[in-house]
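Number of protein chains: 2
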Amino acid sequence: MNNCILCQKQNENIIKENELFRVILVDEIPGFIRVILNKHIAEFSDLSLEEYHQIMDEVYRIEKIMRKHLNPDKINIASLGNYVPHLHIHIIPRYKNDAFWPDSIWSEKHREYEYKTTNQQIQNMIDEIKS
Amino acid sequence: MNNCILCQKQNENIIKENELFRVILVDEIPGFIRVILNKHIAEFSDLSLEEYHQIMDEVYRIEKIMRKHLNPDKINIASLGNYVPHLHIHIIPRYKNDAFWPDSIWSEKHREYEYKTTNQQIQNMIDEIKS
Numbered sequence: 042m043n044n045c046i047l048c049q050k051q052n053e054n055i056i057k058e059n060e061l062f063r064v065i066l067v068d069e070i071p072g073f074i075r076v077i078l079n080k081h082i083a084e085f086s087d088l089s090l091e092e093y094h095q096i097m098d099e100v101y102r103i104e105k106i107m108r109k110h111l112n113p114d115k116i117n118i119a120s121l122g123n124y125v126p127h128l129h130i131h132i133i134p135r136y137k138n139d140a141f142w143p144d145s146i147w148s149e150k151h152r153e154y155e156y157k158t159t160n161q162q163i164q165n166m167i168d169e170i171k172s
Numbered sequence: 042m043n044n045c046i047l048c049q050k051q052n053e054n055i056i057k058e059n060e061l062f063r064v065i066l067v068d069e070i071p072g073f074i075r076v077i078l079n080k081h082i083a084e085f086s087d088l089s090l091e092e093y094h095q096i097m098d099e100v101y102r103i104e105k106i107m108r109k110h111l112n113p114d115k116i117n118i119a120s121l122g123n124y125v126p127h128l129h130i131h132i133i134p135r136y137k138n139d140a141f142w143p144d145s146i147w148s149e150k151h152r153e154y155e156y157k158t159t160n161q162q163i164q165n166m167i168d169e170i171k172s
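Residue numbers (the working numbering), protein chains in the order written: chain F, 42 to 172; chain R, 42 to 172.
What the hints contain is simulated information worked out from the structure, not anything from laboratory work.
One should not assume that every hint holds.
Pairs involving identical chains hold if they fit within one copy or between any two copies, as the list cannot separate such chains.
Claimed, not checked - Below, in silico cross-link-like pairs of lysine-lysine (DSBU-like), each with a Cα-Cα straight-line distance of 30 Å or less:
| id | residue 1 | residue 2 |
| --- | --- | --- |
| 1 | Lys-137 | Lys-50 |
| 2 | Lys-171 | Lys-50 |
| 3 | Lys-105 | Lys-80 |
| 4 | Lys-150 | Lys-105 |
| 5 | Lys-105 | Lys-50 |
| 6 | Lys-109 | Lys-137 |
| 7 | Lys-57 | Lys-105 |
| 8 | Lys-105 | Lys-157 |
| 9 | Lys-137 | Lys-150 |
Here the structure is a predicted model, which is why all the values come from computation and not from measurement.
Input sequences plus hints: build the corresponding full structure.
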């Protein structure tokens with residue numbers, strides 16, 4: 042647990058945080074958001090139903106805000122945790138012909154892709170997630 | 042929409058179904074479950090919050106039942122839909138040293154793997170999901 046990189050919160054761009062979880066902006070893809078549980082547990086069903094609702098309601102809210110500001114062709118949501126078994130949920134804006142489209146971002150890269158997302162769009166999304 | 046394979050419900054092994062969604066057993070991996078919305082919509086935030094809770098509560102319930110009967114090393118949950126933009130959620134039992142471990146099942150295959158899951162375990166899981 043002491044070696045868990047998600048327990049250590051290192052180099053995270055935290056957008057908002059409460060007692061249960063934090064929301065971070067991920068560098069890999071413009072607008073990529075990750076919701077990370079603050080406790081070191083591996084699976085959703087380790088949460089109480091109340092905690093699960095609290096975290097999943099935030100995922101729903103972020104998805105809505107992401108669609109409004111980034112206008113992606115699809116949103117991918119995933120909780121894998123095979124490398125780091127500390128509950129976290131990826132919320133990923135996807136665009137037709139992005140580097141991995143139509144496959145997952147964990148699949149083989151198909152091409153180079155330049156995101157058209159502007160810093161202003163990202164900032165507007167962050168501001169609304171914070172609000 | 043008429044061409045959508047998830048609207049057509051073809052060749053699905055349906056475990057349970059209600060007005061909002063159905064739960065199917067997926068062939069690819071023993072115990073792999075998919076929850077498929079009955080309506081043709083693409084994203085969680087196209088659902089009302091009440092519908093979202095209904096479907097996500099079932100995901101939480103299935104995850105708990107899957108852990109009890111299959112004892113996986115990790116559960117992967119994902120809603121991608123890049124190929125088929127009709128909301129569906131994968132609930133995947135993962136095992137250390139399975140064919141894709143520690144990567145996603147949409148990543149490159151690393152090795153051959155023989156699942157130790159028994160038909161009885163799968164049937165017990167199905168029975169409890171139905172109940």
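Hint-by-hint comparison with the structure:
{"no.": "1", "hint": "Lys-137 <-> Lys-50", "result": "between (32 Å within a copy, 26 Å between copies)"}
{"no.": "2", "hint": "Lys-171 <-> Lys-50", "result": "within (19 Å within a copy, 40 Å between copies)"}
{"no.": "3", "hint": "Lys-105 <-> Lys-80", "result": "both (26 Å within a copy, 19 Å between copies)"}
{"no.": "4", "hint": "Lys-150 <-> Lys-105", "result": "within (27 Å within a copy, 34 Å between copies)"}
{"no.": "5", "hint": "Lys-105 <-> Lys-50", "result": "both (26 Å within a copy, 28 Å between copies)"}
{"no.": "6", "hint": "Lys-109 <-> Lys-137", "result": "within (17 Å within a copy, 39 Å between copies)"}
{"no.": "7", "hint": "Lys-57 <-> Lys-105", "result": "both (16 Å within a copy, 29 Å between copies)"}
{"no.": "8", "hint": "Lys-105 <-> Lys-157", "result": "within (19 Å within a copy, 41 Å between copies)"}
{"no.": "9", "hint": "Lys-137 <-> Lys-150", "result": "both (13 Å within a copy, 25 Å between copies)"}
In this structure, every one of the numbered hints holds.
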